[in-house]
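Chemist: Sequence:
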Amino acid sequence: MTTQVQQQPTPLPPPLLTPQQAAEYLGVSKSFLDKCRVRGDGPRFRKMRRRVGYSYCDLRDWLDSNAHFSTSSVGVQ
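The sequence shown begins at 0 in numbering that gives the first Met the number 0 and counts up one residue at a time.
Quick caveat, the hints were computed from the structure, so don't treat them as lab data.
Beta carbons are placed, not taken as given, at the ideal position from N, Cα and C, and that holds for glycine.
Any given hint could be a false lead.
As the list claims (entries may be wrong) - Label pairs and their computed distance ranges (CB to CB):
(1) 8 - 64: 31 to 37 angstroms
(2) 23 - 69: 24 to 30 angstroms
(3) 49 - 69: 40 to 46 angstroms
(4) 47 - 69: 45 to 51 angstroms
(5) 4 - 50: 19 to 25 angstroms
(6) 49 - 70: 36 to 42 angstroms
(7) 63 - 29: 35 to 41 angstroms
(8) 4 - 40: 46 to 52 angstroms
(9) 70 - 8: 25 to 31 angstroms
(10) 5 - 68: 44 to 50 angstroms
(11) 70 - 47: 36 to 42 angstroms
(12) 64 - 3: 42 to 48 angstroms
(13) 43 - 6: 29 to 35 angstroms
(14) 13 - 67: 39 to 45 angstroms
Full structure from sequences and hints, please.
Modeler: In structure tokens, the structure reads:
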């Protein structure tokens, strides 16, 4: 006799985070994230009408692109 294990489906994360949720995920303030969005040096975002949203993948990519091995490599291009 075989026993079947019922697997619970993994809950999906929300498709897009609000700016407040994204700021909390990144550990920065919402105003910092807003300023980055205006300057164009923050994570990618989506704009649907008047709403702004961030995906987890884009937030992780932005974090990875800002990773450094030493302080002397910061700002050197």
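Chemist: Should the hint that residue 4 and residue 50 are 19 to 25 angstroms apart at their CB atoms be regarded as holding?
Modeler: violated (41 angstroms)
Chemist: For the pair residue 5 and residue 68, does the Cβ-Cβ distance stay inside 44 to 50 angstroms?
Modeler: Taking Cβ atoms as reference, residue 5 and residue 68 lie about 46 angstroms apart, which means the hint holds.
Chemist: Could you check the hint for me, namely that residue 70 and residue 47 are 36 to 42 angstroms apart, CB to CB?
Modeler: About 39 angstroms separates the Cβ atoms of residue 70 and residue 47, which means 36 to 42 angstroms holds.
Chemist: Holds or violated: the 46 to 52 angstroms window for the beta-carbon distance between residue 4 and residue 40?
Modeler: Roughly 48 angstroms apart at Cβ, these two residues keep to the hinted range, so it holds.
Chemist: Do residue 70 and residue 8 keep their Cβ atoms within the hinted range of 25 to 31 angstroms?
Modeler: The hinted range 25 to 31 angstroms is violated for residue 70 and residue 8, with Cβ atoms some 44 angstroms apart.
Chemist: May I ask you to test the hint 42 to 48 angstroms on the CB atoms belonging to residue 64 and residue 3?
Modeler: holds (44 angstroms)
Chemist: Given a hinted range of 24 to 30 angstroms, is it respected by the beta-carbon distance of residue 23 and residue 69?
Modeler: Distance hint for residue 23, residue 69 holds at roughly 28 angstroms.
Chemist: For residue 47 and residue 69, compare the CB-CB distance with the range 45 to 51 angstroms and indicate the outcome.
Modeler: At 40 angstroms between Cβs, range violated.
Chemist: Would you say the C-beta atoms of residue 13 and residue 67 sit inside 39 to 45 angstroms of each other?
Modeler: For residue 13 and residue 67 the Cβ distance comes to about 30 angstroms; the hint is violated.
Chemist: At the C-beta level, are residue 8 and residue 64 separated by a distance inside 31 to 37 angstroms?
Modeler: Hint holds: Cβ distance 32 angstroms, inside 31 to 37 angstroms.
Chemist: Honestly, do residue 43 and residue 6 meet the 29 to 35 angstroms range at C-beta?
Modeler: At 33 angstroms between Cβs, range holds.
Chemist: Mind checking the hinted window 40 to 46 angstroms against the Cβ distance between residue 49 and residue 69?
Modeler: The hinted range 40 to 46 angstroms holds for residue 49 and residue 69, with Cβ atoms some 42 angstroms apart.
Violated hints for the displayed structure, listed by number in ascending order: 4, 5, 7, 9, 14.
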